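Participant: Protein chains in written order, with the numbering used here: chain X, 1 to 391; chain D, 1001 to 1391.
No wet-lab data here; the hints were simulated from the structure.
This structure is a prediction, so every number in the text was calculated from the model and none was measured.
Worth double-checking, as some hints may not be accurate.
Result set (DSSO-like, lysine-lysine): computed pairs, CA atoms no more than 30 Å apart in a straight line [what the hints assert, rightly or not]:
# : chain 1 : residue 1 : chain 2 : residue 2
1 : X       : 381       : D       : 1387
2 : D       : 1387      : X       : 318
3 : X       : 383       : D       : 1387
4 : D       : 1042      : D       : 1267
5 : X       : 44        : D       : 1387
6 : X       : 300       : D       : 1292
7 : D       : 1300      : X       : 387
One-sided and incomplete, this derived list gives chain D residues near chain X with beta-carbon spacing under 7 Å [what the hints assert, rightly or not]:
#  : residue
8  : 1003
9  : 1256
10 : 1285
11 : 1301
12 : 1303
Yeah, the Cβ is synthetic: ideal placement off N, Cα and C, and Gly gets one too.
Number of protein chains: 2
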Amino acid sequence: MHINTSEISKKLNLEEEIIKNAFEKRVISLNKYKNRKYIAFKKKLRHIERGTTLFLNDGMDVVMGYPKIRRALVLDPTLKKYFIDRVVVEEKLNGYNIRIVNIDNEILAITRGGRICPFTTKKVLKLLNMDILKDYPDIMLCGEMVGLNNPYVPNYYSEVDNTTYKDEYNIITENLGFYIFDVRNRETNMSLPIEEKNRLLEKYNIPHVKPLGIFKKEDVVEIKNIVMKLNSEKREGIVLKDPNMLVDPIKYTTHYTQYSDLSVAFKYLFDLGIDFMFSRLVREGYQSFEFKEGEKELEKRAMSIGKAIIYSMVESIKMVSRGELITEDFELYFDSEGDMDEFLNYLKELHITYVIKKREVLKNGAYRIEIGRVYSSTNDKIKGHLKGSLW
Amino acid sequence: MHINTSEISKKLNLEEEIIKNAFEKRVISLNKYKNRKYIAFKKKLRHIERGTTLFLNDGMDVVMGYPKIRRALVLDPTLKKYFIDRVVVEEKLNGYNIRIVNIDNEILAITRGGRICPFTTKKVLKLLNMDILKDYPDIMLCGEMVGLNNPYVPNYYSEVDNTTYKDEYNIITENLGFYIFDVRNRETNMSLPIEEKNRLLEKYNIPHVKPLGIFKKEDVVEIKNIVMKLNSEKREGIVLKDPNMLVDPIKYTTHYTQYSDLSVAFKYLFDLGIDFMFSRLVREGYQSFEFKEGEKELEKRAMSIGKAIIYSMVESIKMVSRGELITEDFELYFDSEGDMDEFLNYLKELHITYVIKKREVLKNGAYRIEIGRVYSSTNDKIKGHLKGSLW
């Protein structure tokens, strides 16, 4: 297929040479969703964010990538240094980042990496009223898909239990929901101010993350208290925003999140990067310092981190020693066999190795499947070491 | 200075092109000790081990690098797979690896990296009787320099307390000693069989690591018991050797070592590599699994690891927040001011940043100094984060 790099260059204001080069190096991928062709940026290139999607339609519609949100290691003095005067605190949810757009009158859900996810696209159409994107086709709804029944970041959120189907014997509940946190122009990436964003989303009755508070940037104690409360409720953390979105948001997470991340990282120890592990440990150091922990709290944190590391690792080694396969399991619901097959093909395209552990047709014709994502390096390396391979 | 790469090529049986290239890429360095010029291999190049030294003297004497010793993650079945029939267990000491050689009738101590260390060279001459190298100038004595008063790996070993000087008021004790573990031909790297090695070293009265036992390779339980005993005594671990040195030795370390390594790594968290941290954690996973730890032992190990990580990190952050400099401190003794200056110059050549914290002339004319090695990345990054830099 001929790709008009000259037109892409004009549209993105990026030299054609760079675009050609990026295609060659596979930094830009060419993809298809149904009959819709689009390219996706797998890395940030100049001013084009990672995850930017450009549709090869008449309008060459662009959906800019969601920008990386940087992190405060200590709240004080970072907030004072960083913000203008006031800070809106929103809850950070632990799911996966999605941008929803309207392209040629079709609603599409695009992942952080810039791919149209068939699973998410279909769920969004069921869960949300998309009139807002008909009225404002230039915006993108940026949000987090959360809940146990998603194929990327399965975490239970009690607030997103939906009855999928119910008869006299069974209640089948899908735990899945979507919360918008930003409304942006999809070509310029400009955000609506927080109040305006919330008014608009309320008008269209779209679920969105609500501010946990608006503070002066000096009110670090209050913000710290929010973090502590979220931690005790096993929630992920906060995103801090300028009320007018004049500076980029920054994020800060709870001990609970670091703990869970480490548990996951050391369960799949040879697959998740060591940078991932190291950064979580560093966050714990700064948090413990900033929260002025005494001997007892320090000990509690040390124990928690130690357990996240050791218990997960030993559990994985034990599994392999029993001949079991280490997988990360996802239970997903699909309305039809076609939807399910489409999604499984999509996973193959992404080169994700999986096994199907269970597959059930429900009485209403929907499908429930359990997929196990296979972490090959972890399985293979542990197997090798247990057979006597040297380090 | 002209370097005859053609001669070096012949001597090492390595293509001249490779040698020229390695000089250009600074994989081979050109160094000087007093008036003695030599080259050192900073990386393994084909069959030439990392740390190999070639002297630019008439004989072009070569001292082969000490080979990397690989590690068992589990003792069972690794030992059975790896060894022929019997296994000699020697204690692994926690100091720094040194090769002592006789070049043109001068005794020299060469570090793992292939450099002549002036500190170690002088200490070796004081601590050991070097007749053995006069009688056998082709061998190298490979061993570990241990003790608190060394500039690389300061760990206290009670067995190496030496009285440096004593009067009616003071006893000054230097904690430093040297134990040989291998006797090798310095050009071929061939090792003497263990019994022969020990007989020779005993004959010349040279301190050496003594076997903790000789086992059948199936006697994993006994070997595990040795590891547990060493752990309770806060010792580093073991090296496992074929009695005839027909297969390369392998090593295995105690929990205590992993704990101490992690404490150090997280104290200087932005300077020590994350691979260093990760590998220690992985060892803990396999050890806990192999030692079949129950809930209580698992918890104890988790707590220990968690403390090594969190306590060290928080302590470093606290230090920087108080405006203190994070350094690793070494207390060293020198016989003269000249010796001291020579060594400090050597550190500068190695691009090691240090501060002198204390400097004392003892009554017998010797010098005692405290050097603090400065970990710049750790100091700078923590300072930045505490001032509000984002991650």
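Participant: Which constraints among the numbered hints does this structure fail? Numbers only, ascending.
Facilitator: 1, 2, 3, 8, 9
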